[in-house]
Amino acid sequence: MGGETIYDIFIIGGGINGCGIARDAAGRGFSVFLAEMNDLASGTSSGSTKLIHGGLRYLEHYEFRLVRESLMEREILWKNAPHIIWPLRFVLPQPNPGLRPAWMVRLGLFLYDHLGGRKLLPPTRTLDMRSDPASRPLKPLFRRAFEYSDCWVNDARLVVLNARDAADRGAVIRTRSRVTEARRNDTGGWTVTVEDTRTGAVQTVIARLLVNAAGPWVDKVLAGAAGQNIHNVRLVQGSHIVVRKKFDDPRPYFFQNRDGRIIFAIPYEQDFTLIGTTDQDYRGDPGEARITDAEIDYLCAAASEYFAEPVARDDIVWTYSGVRPLYDDGASKAQEATRDYVLKAEVAPGHAPLINVFGGKITTYRRLSEHMLEKIEGFLGRHGRSWTRDASLPGGDFAHDGYAAQVEALRRDFPFLDTAHAARLVRLYGTRARKLLVGARSAADLGRHFGADLYEAEIRFLIEQEWAVTAEDVLWRRTKRGLRLTREEASALEQYMAGIARVHSAAAE
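Just so you know, we're using our numbering here: the sequence shown kicks off at 72 and counts up by one.
Just so you know, not all the hints are guaranteed correct.
Straight-line C-alpha distance at most 20 Å; calculated EDC-like pairs for lysine to aspartate or glutamate [stated by the list, open to error]:
no.	residue 1	residue 2
1	Lys551	Asp386
2	Lys506	Asp516
3	Lys150	Asp472
4	Lys316	Glu252
5	Lys316	Asp386
6	Lys291	Glu252
7	Lys150	Asp461
8	Lys551	Asp489
9	Lys551	Glu527
10	Lys210	Asp386
11	Lys506	Asp239
12	Lys317	Asp203
13	Lys316	Asp368
14	Lys415	Glu448
15	Lys317	Glu376
Simulated restraints on C-beta separations [unchecked claim]:
no.	residue 1	residue 2	range
16	Arg558	Glu441	43 to 49 Å
17	Thr363	Ala569	29 to 35 Å
18	Thr258	Arg519	47 to 53 Å
19	Ala173	Pro381	23 to 29 Å
Source of the hints: derived by calculation from the structure; they are not laboratory data. C-beta atoms are modelled at their ideal positions from N, C-alpha and C, and glycine is treated no differently.
With the hints as extra help, turn the sequences into a complete structure.
Put into structure tokens, the structure is as follows:
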């Protein structure tokens with residue numbers, strides 16, 4: 072093979088699991104190459120309800136191992152990334168008569184409080200809805216509610232920050248790079264063919280071990296690139312609507328629906344409310360998933376059962392859908408399929424190993440990565456101890472309760488920023504906001520203004536540091552400024568970024 076680089080691990084998929092595995096492996100000293108066919112977090116990982124949570128409803132399906140592991144991860148991840156993860160107090164109104172008896176809900180919440188070694192998050196308490204402010208936006212039907220703790224996460228940024236840290240530790244991260252073939256070679260490794268989807272350039276990569284973390288495309292990768300036609304995952308679509316702000320209280324709601332399912336209504340991006348999710352089996356290309364009329368009707372009707380002011384279609388400002396690749400455990404209903412993950416190794420004596428990732432959820436990505444590294448080290452040898460439990464993600468190197476202090480310090484050092492702009496930058500970038508702003512003494516120093524509080528300096532930072540290529544990458548995954556920019560402003564940004572992409576492409580030729 073001459074002087075060709077041989078990587079220890081090749082990872083297919085730039086979602087939360089692929090990037091989490093890349094980060095953990097690179098941090099232990101493995102050489103890693105990751106290929107993502109689109110943008111980071113462009114699939115399932117940016118289509119979640121954006122919660123780091125134990126999964127209260129999973130207790131009904133007796134998934135105690137998954138719930139316990141998830142509960143334990145909440146505070147670990149909060150401390151690792153306090154800029155993009157923070158605690159919330161959820162309000163669970165108890166209908167009278169309840170869809171689930173109050174004693175059952177209270178028992179579930181007792182287990183929720185005690186299964187996961189909670190130390191920082193406050194415990195469950197009972198609310199008198201005749202006097203608590205949480206009752207104000209709701210119909211006057213509820214005398215009691217329960218308030219419990221979970222955490223919020225900016226899901227797409229969690230993926231990007233794992234990729235950024237992996238790259239900083241030596242991993243090669245390639246986006247817009249499709250794996251067209253993966254075959255075992257004669258020297259006991261993998262030969263992987265990668266095509267740049269923008270230029271058509273083809274690259275061959277040699278690796279000792281292959282990880283298939285392609286999410287909802289995991290079976291397709293096995294069928295196409297690896298030549299195995301088997302069925303492992305159940306594709307389940309979950310859709311959300313974003314509506315104009317429905318309530319001022321900072322606490323989100325957990326609503327029980329008549330059909331036994333649940334939805335959340337969560338404060339979102341200051342001026343909006345996020346409502347979701349649905350659960351329905353999906354057939355087709357996961358990249359083409361879109362909310363259906365039936366899902367919109369379902370979410371509007373379910374939320375309107377609780378809110379005094381009904382949720383109407385005209386309230387909707389944005390929708391998004393994600394396809395969850397749940398491990399197919401034979402459950403009859405989509406909402407009953409397990410959210411746990413399964414790691415399966417395929418190897419024959421003398422042949423290169425392949426490890427597939429089936430299922431999983433954002434909350435458990437770090438533990439999934441640790442378990443994956445145990446399997447990898449079984450094949451490639453031990454490289455180092457697990458290390459991610461106490462390691463900050465990029466920008467998260469401050470106290471778990473230090474967000475407000477970071478905003479204040481950023482405003483003091485960059486006084487031309489207004490409070491809202493500084494708060495947003497710290498929420499997205501944490502301490503790395505200073506890298507974005509370096510040298511700026513006024514708003515004019517941030518370059519071209521694209522709308523809202525989005526400036527050229529931030530765009531260039533996202534291109535250079537976070538693999539952003541298109542306006543969609545910036546507006547809907549890295550920043551959510553798509554909720555603020557006009558169509559004309561978004562088009563101007565697209566043209567600007569396309570110009571930069573052309574320059575980079577010409578320079579690479």
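Here is what the structure says about each hint:
Taking the CA atoms of lysine 551 and aspartate 386, the gap is about 18 Å. The hint holds against a cut of 20 Å. Note on lysine 506 and aspartate 516: the hinted pairing holds, with a Cα-Cα distance of about 14 Å set against a maximum of 20 Å. Taking the CA atoms of lysine 150 and aspartate 472, the gap is about 9 Å. The hint holds against a cut of 20 Å. With a CA separation close to 47 Å, the supplied pair lysine 316 and glutamate 252 exceeds the 20 Å bound.
Distance check on the hinted pair: lysine 316 and aspartate 386 sit about 9 Å apart at the alpha-carbon level, within 20 Å; holds. About 12 Å separates the Cα atoms of lysine 291 and glutamate 252, which keeps this hinted pair within 20 Å; it holds. A hinted pair counts as satisfied when its Cα atoms are at most 20 Å apart, and lysine 150 with aspartate 461 qualifies at roughly 8 Å. Under the criterion of a C-alpha separation no larger than 20 Å, the hint pairing lysine 551 with aspartate 489 is consistent with the structure, at around 19 Å.
Pair hint lysine 551 plus glutamate 527 holds up; C-alpha atoms about 16 Å apart against a cutoff of 20 Å. For the given pair, lysine 210 sits about 18 Å from aspartate 386 by alpha-carbon distance, which is consistent with the 20 Å threshold. For a cut-off of 20 Å, the pair hint linking lysine 506 to aspartate 239 stands: about 15 Å separates their Cα positions. For the hint linking lysine 317 to aspartate 203, the alpha-carbon distance of about 17 Å falls within 20 Å, and the restraint holds.
The hinted pair formed by lysine 316 and aspartate 368 meets the criterion: a straight-line CA distance of about 19 Å does not exceed 20 Å. Between lysine 415 and glutamate 448 the CA atoms are separated by roughly 14 Å; this keeps the pair inside 20 Å, and the hint holds. Between lysine 317 and glutamate 376 the CA atoms are separated by roughly 14 Å; this keeps the pair inside 20 Å, and the hint holds. In this structure the supplied range 43 to 49 Å holds for arginine 558 paired with glutamate 441, their Cβ-Cβ distance being about 44 Å.
Our hint of 29 to 35 Å for threonine 363 and alanine 569 holds, since their Cβ atoms are close to 32 Å apart. In this structure, threonine 258 and arginine 519 meet the distance hint of 47 to 53 Å, their C-beta atoms being roughly 51 Å apart. The given range of 23 to 29 Å is respected by alanine 173 and proline 381, whose C-beta atoms sit roughly 26 Å from each other.
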